[in-house]
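Colleague: Each residue of the sequence shown is one higher than the one before, starting from 1063 at the first, in my numbering.
Any given hint could be a false lead.
To be verified - Computed Cβ-Cβ distance ranges for the label pairs, DEER-style: (1) His1354 <-> Glu1186: 32 to 38 Å; (2) Asp1228 <-> Glu1152: 25 to 31 Å; (3) Thr1136 <-> Cys1500: 25 to 31 Å; (4) Ile1230 <-> Leu1130: 54 to 60 Å; (5) Leu1115 <-> Arg1445: 53 to 59 Å; (6) Asp1223 <-> Tyr1160: 31 to 37 Å.
Hints listed in this document are in silico derivations from the structure and should not be mistaken for laboratory results. Where a beta carbon is used, it is the ideal one built from N, C-alpha and C, also for glycine.
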Amino acid sequence: ILTGAALSAYGVGRSRAYCEAFAGGGEDVIHIDTLAGEEEVMDVKTLLGNTKLSRFWAAGKRIVALSLLAAPMTLLYPLAALSNAQSINEFTWEYALYATEKAGPTFIKLCQWASTRADLFPIEFCSRFARLQDSTRGHAWKDTDKLLRETLGEDWRDTIDLVGEDPIGSGCIGQVYKGRLAKDVGLHPKGMVVAVKIQHPNVKKKVTIDFYLLNKIAALFESIPRLNLSYLSLRDSVEQFGSIMFPQLDLSCEARNLQQFRHDFRDDELICFPQPLMELSSSDLLIEEFVHGNPILSYMKDGNTLQDRRDLAELGLRAVLNMIFLHDFVHGDLHPGNLLVNKTDRGKLRLNLIDAGLVVKMGPADHKNLIGVMGSFVKRDGRNAAKLMIDNSKHCEATDLDVELFCNGIAQICKDDEQNNFMEKIGDYVTDICYMACKHKVKLEAKFINVALACEIVEGIASSLNPDLTVQEMA
């Protein structure tokens, strides 16, 4: 799982993140650079304990809990495989989903990613676990009330009037309620409809323990000479995965991401992001403008005009291409559930992008390299694209022969696929590139893969809406 994550979607996060406490160093903090350039510090000792014994105890309890969740699958899976009973098969899948949700956000996030990769995993797995992209099990109302009291005060109802105690949605990090402002807040008037995102209890501790365990496991595998896994830099992959997870545990990061997106698209009335209420938001609470709209998937059904489909396809591609080529600030969680459609006052379709906790920002050097890689593929110069990917790779331990074979392999892929265009077949190219990288022990620059996958997801949605749309012409 870690290898696949590193080679495809999970090897990228924010501008920089490293987990020295999990890498065997003497530090017991996790450093995360925020988009504003301020370094945030998460104290591992506070979360797991001040001594090695306490951290070992916390890790041991987590292992036991995960083992108990996994144990029934050792019986259910062979039963479902050997039996033709539909009821046993259904129960096995339902328990697998239940166990994943109970395991916590680290495992939910991994399965959310896996369910989008039908090229790597079985179709039935992807269709079953796709449910995790839309909703997961939430927490009890008492936990929501407790957090609101701690964040907004005992009289929080004088600030926010929630519409009932049931959330309208739940994800791996938190759950969302619909509400209204009970008073004026800054420039936001009383009565404004808002979405209130509440972080699940104990999320930070669960994720911290998971990464403590993941790093120890990665270090163990790397230390076994016969496995020869050092070229994969598993611990580095764990840190990169952490660079995704840990910023999402601070909802104020998502609020800042939304501010940046709103600034980037300030002159485009047809591509919008909800406005966060910074005055009321914190690391555990995000209050933002509520977006009224329909899921973009609803426009793929009959009853919608061909022009509407074409307009939405162009909007989606324009948004992503602008993020990649102009702003170097890419929404990293562009599944259909995060794309809502409504109309402007003039009746034009407007695309709203929500849930901006995960972003990709490369920086000038990596961004220039990305443009070079994609340009080389468009020109069918596979050797140059391969060299750029290798030159920019970190911890690349491939031999000269491996590098030459990798370059030849990428060049052959471009030659064999002359009838298709890179921008139209990004998913196929990414799969082939990852295969060649594994075969020749070349570690790819993960940011390129993640951006390519973001483009692939939106390209897939756009082609479903308008099969005649050409991505390269828009780019």
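Colleague: Each hint: holds or not?
Modeller: Hints versus structure:
At about 35 Å, the CB distance of His1354 to Glu1186 agrees with the hint of 32 to 38 Å. Our hint of 25 to 31 Å for Asp1228 and Glu1152 holds, since their Cβ atoms are close to 26 Å apart. Restraint check, Thr1136 to Cys1500: a C-beta distance of roughly 29 Å satisfies the suggested window 25 to 31 Å. Separation of Ile1230 from Leu1130 is about 32 Å and departs from the stated range, judged on CB atoms against 54 to 60 Å.
Leu1115 and Arg1445 have their C-beta atoms about 54 Å apart, which keeps the hinted 53 to 59 Å range intact. In this structure the hint that Asp1223 and Tyr1160 lie 31 to 37 Å apart at CB holds, the actual value being about 34 Å.
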